[in-house]
Amino acid sequence: MPNQMTSRARVEAGLSRRKRKEKIFRASGLLATAIGILFLGIFFSTLVAKGASAFVQTYLLLDVELTAETIAPGGELDLEYADFDGLVRTALRNNFPELSGRNDRRELNRLLSVGAGFQVRDLVVANPDLIGTTQEIWVPAASNVDMLMKGNIDATVDESLRNLSDRQIRWIDTLDQAGRVDLRLNKALFTNGDSREPELAGIRGAMMGSFFMLVVTIALAFPVGVAAAIYLEEFAPKNRWSDLVEVNINNLAAVPSIVFGLLGLAVFINWMGLPRSAPLVGGLVLALLTLPVIIIASRAAIKAVPPSIREAALGLGASKMQVVFHHVMPLAMPGMLTGAIIGMSRALGESAPLLMIGMIAFIVDVPGGFTDPATALPVQIYLWADSPERAFAERTSAAIIVLLAFLLLMNLAAVILRRRMERRW
Amino acid sequence: MVVASRKAAYHHKDGEMTETLVKKNMSASRTSAVPNYRGQQVELGRETVGNVRCANPFMVAENVNVFYGDNHAIKDVTLEIGKKEVIALIGPSGCGKSTFLRCLNRMNDSIESARVTGNISLDGGDIYDKTLDPVVLRARVGMVFQKPNPFPKSIYDNVAYGPRIHGLAGDRAELDDIVHRSLERAGLLKEVKDRLDDPGTSLSGGQQQRLCIARTIAVNPEVILMDEPCSALDPIATARIEDLMDELCEDYAIVIVTHSMQQAARVSRRVAYFHLGYLVEVDDTDKVFTNPHHKLTEDYITGRIG
Ligand SMILES: Nc1ncnc2c1ncn2[C@@H]1O[C@H](COP(=O)(O)OP(=O)(O)O)[C@@H](O)[C@H]1O
Ligand SMILES: [Mg+2]
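Just so you know, the protein sequences line up as chains A and B, in that order.
In this text, residue positions in the first sequence follow this note's numbering: the first is 1, and each later residue adds one.
In this text, residue positions in the second sequence follow this note's numbering: the first is 1, and each later residue adds one.
Check each hint, because a few of them may be wrong.
[What the hints assert, rightly or not] When the alpha-carbon atoms are kept at most 25 angstroms apart in a straight line, the in silico DSS-like pairs for lysine-lysine are as follows:
1. Lys-130(B) <-> Lys-193(B)
2. Lys-50(A) <-> Lys-23(A)
3. Lys-130(B) <-> Lys-190(B)
4. Lys-153(B) <-> Lys-190(B)
5. Lys-187(A) <-> Lys-50(A)
6. Lys-50(A) <-> Lys-150(A)
7. Lys-150(A) <-> Lys-238(A)
8. Lys-320(A) <-> Lys-147(B)
9. Lys-130(B) <-> Lys-238(A)
10. Lys-153(B) <-> Lys-303(A)
11. Lys-84(B) <-> Lys-287(B)
12. Lys-153(B) <-> Lys-320(A)
13. Lys-303(A) <-> Lys-147(B)
14. Lys-193(B) <-> Lys-153(B)
15. Lys-238(A) <-> Lys-187(A)
16. Lys-150(A) <-> Lys-187(A)
17. Lys-193(B) <-> Lys-320(A)
18. Lys-83(B) <-> Lys-287(B)
The set of hints was computed from the structure by calculation and includes no laboratory data.
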């Protein structure tokens with residue numbers, strides 16, 4: 001069989017070439033993956049290195065005398081009259097009896113955050129029995145003190161080049177030696193809205209803004225997207241019009257997000273008269289933005305339902321609607337939900353369209369509803385990144401970490417949902 | 001037109017092989033030769049050979065043509081299917097057996113390019129009547145597919161699905177009864193009665209196909225269409241399904257598409273041989289297999305068996 005021999009020889013001759021090709025391909029694949037992981041690692045490690053310190057915050061331990069004369073002159077707590085700042089300042093000054101001049105005092109007071117008085121007030125409001133007693137209270141220090149404690153201010157450089165004077169640094173040392181300075185969990189970061197004072201600035205406002213927006217987005221985009229996908233996939237006649245719609249949906253998915261913001265500004269705010277900076281409008285815009293993503297994912301999920309299942313149901317006399325709702329929908333649901341969650345994570349990370357509809361305003365109050373002025377997490381990140389204070393830099397990173405954690409959670413939810421609901425056929 | 005052809009056909013049945021059979025405007029291509037199983041040109045003849053009529057017609061297809069776009073897949077097929085009769089559709093791949101079968105319960109409706117002309121009636125009523133909902137038709141004409149396709153639901157729900165959507169059971173007890181009886185009839189009850197809540201897809205291929213049959217008979221149809229129901233099964237599972245068909249034909253008319261001559265011979269009373277969309281020959285099974293009248297049928301049968 002000479003013919004057979006030659007073909008076998010040929011196969012063997014080509015074998016080494018094939019193997020070499022495979023090796024090269026594998027190696028390049030491995031390299032690409034490694035590079036990807038490397039960059040991801042660099043990104044995460046710098047982020048954590050920068051942002052981790054924002055989760056703790058410098059507090060000062062003060063013995064605050066809650067004297068009745070200052071806060072409850074008539075025997076009742078009088079918030080109009082009460083001077084909690086004064087109480088805190090006095091408590092701090094008590095640690096330095098040698099200071100007497102106005103300038104000394106002012107300099108000393110700058111170690112305290114403007115939030116220190118609020119903290120004491122909240123404590124007393126929550127527990128009026130404390131009036132008349134002396135309490136050890138941890139109050140927030142000014143952000144400069146915080147930066148010093150975190151090593152972000154170099155005490156060795158010339159006094160004029162840093163935000164803390166030599167004396168202030170000495171006072172802090174004194175307090176520290178007395179065990180009155182500590183880095184404690186930065187609750188304000190999660191309970192406060194934005195603030196001009198870095199030590200008081202939190203992401204709760206932005207988080208709530210993002211939350212309300214996502215509620216609007218999912219409530220709108222998921223049902224509409226799924227309904228559109230079902231209609232296009234199962235009911236729409238396949239003709240030039242449906243092709244046109246299909247092409248446009250795909251195009252819509254690629255439209256830059258800022259364009260959706262302009263659309264939202266023109267339609268929802270200028271034409272429909274909805275309020276600026278409101279999560280409602282943000283949610284509407286983000287719904288438009290995620291709609292194509294959800295439609296495309298849902299159509300893919302519907303397409304993946306085996307035709308044999310449809311035929312089985314049709315053959316038993318199920319109507320088209322019944323086929324869709326009894327068989328196609330349940331089987332496509334994991335894919336649709338995955339698409340929705342991916343759309344949601346895109347919406348959560350979106351900032352450009354929100355700038356257009358006024359969600360970039362400086363808003364201190366935590367929004368309590370869909371029409372309250374609000375920002376969103378990515379916009380908050382942008383705002384903080386834009387702030388000159390050193391203390392905002394670490395908060396920016398912290399906010400990014402929180403945002404990424406939410407995104408990770410959502411993607412995890414997508415994976416779990418898919419695992420849970422996916423059925424083999 | 002239909003009436004005329006009926007009459008002609010009854011002449012045919014009486015054995016009068018006269019020219020009255022030939023309808024006007026019959027597809028001209030019938031006069032040309034077509035390639036047979038081995039590629040040799042064979043005259044098609046002007047009319048289906050044998051006997052398209054039967055004594056007790058239940059489902060009647062008259063001059064049915066099916067087009068997929070420009071593809072003329074079924075060419076002027078006339079065929080009667082008797083009450084409680086098993087008829088086998090045979091022929092080479094792509095000759096239109098499935099297409100014809102799917103006309104009988106209007107499954108072609110869901111294929112956008114498909115167009116069906118001609119007349120098909122079930123127990124005297126036109127099934128392509130505009131006012132008739134295919135849902136009603138499909139409850140009367142059930143279908144079993146080539147690949148077992150149980151729903152990804154429990155065994156119970158698979159069988160209960162048809163009765164549920166058609167509202168056949170008044171209460172849970174009645175539904176239980178229908179499910180049990182259907183599984184029993186499909187010869188599956190013994191194997192699954194302790195695990196009705198297991199997914200239907202957890203069964204073996206043969207069991208799945210019997211589950212699909214149980215699911216079909218649960219809606220109590222009058223005709224069951226089977227498109228190569230055993231082609232994905234092993235010989236033992238195939239034998240079980242064939243036994244099942246023998247029992248089912250006591251109650252239902254069965255139209256079965258098969259590639260196996262042996263199977264056609266074992267289960268069917270009549271055989272229809274399709275070729276390139278034409279219905280070439282129809283007759284009693286033993287006649288077709290022992291003494292085919294058309295050259296094309298003969299070529300196919302000898303080619304397949306011999
Ligand atoms: N869904 C469809 N769309 C277009 N053409 C089809 C479709 N189904 C079948 N056909 C065509 O119809 C002819 C008959 O097919 P089919 O009925 O499946 O043959 P068989 O079942 O005898 O193998 C073939 O030429 C096939 O290509
Ligand atoms: Mg077929």
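| message | For Lys-153(B) and Lys-303(A), compute the direct alpha-carbon distance and say whether it is at most 25 angstroms. | response | Status holds; Cα separation ~20 angstroms.
| request: Measure nothing beyond the straight line between the CA atoms of Lys-130(B) and Lys-238(A); if it is 25 angstroms or shorter, mark the hint as holding. | output: 22 angstroms, holds
| query | Lys-193(B) and Lys-320(A): Cα distance at most 25 angstroms? | reply | Between Lys-193(B) and Lys-320(A) the Cα gap is close to 31 angstroms, so the pair fails against 25 angstroms, i.e. violated.
| Pairwise hint evaluation, Lys-147(B) against Lys-303(A), where the allowed Cα distance is 25 angstroms at most | 19 angstroms, holds
| task | Starting from Lys-83(B), check that the Cα of Lys-287(B) is at most 25 angstroms away, please. | result | 20 angstroms, holds
| field | Hint consistency between Lys-320(A) and Lys-147(B) [alpha-carbon to alpha-carbon, up to 25 angstroms] | value | 22 angstroms, holds
| query | Given the hinted pair Lys-153(B) and Lys-320(A), is their alpha-carbon gap at most 25 angstroms? | reply | Roughly 19 angstroms between the alpha carbons, so the hint for Lys-153(B) and Lys-320(A) holds.
| task | Measure nothing beyond the straight line between the CA atoms of Lys-187(A) and Lys-50(A); if it is 25 angstroms or shorter, mark the hint as holding. | result | 18 angstroms, holds
| field | 25 angstroms limit on alpha-carbon distance, applied to hinted pair Lys-130(B) and Lys-190(B) | value | Not satisfied, since the Cα-Cα distance of roughly 43 angstroms exceeds 25 angstroms.
| Does Lys-84(B) pair with Lys-287(B) here, judged by a C-alpha cut-off of 25 angstroms? | 20 angstroms, holds
| task | Sort out whether Lys-150(A) lies within 25 angstroms of Lys-50(A), counting only the CA atoms. | result | This hinted pair holds, its Cα atoms lying about 11 angstroms apart.
| said: Holds or violated: Lys-50(A) and Lys-23(A), Cα atoms, limit 25 angstroms. | reply: 40 angstroms, violated
The structure does not agree with the numbered hints 1, 2, 3, 7, 15 and 17 stated previously, though it agrees with the rest.
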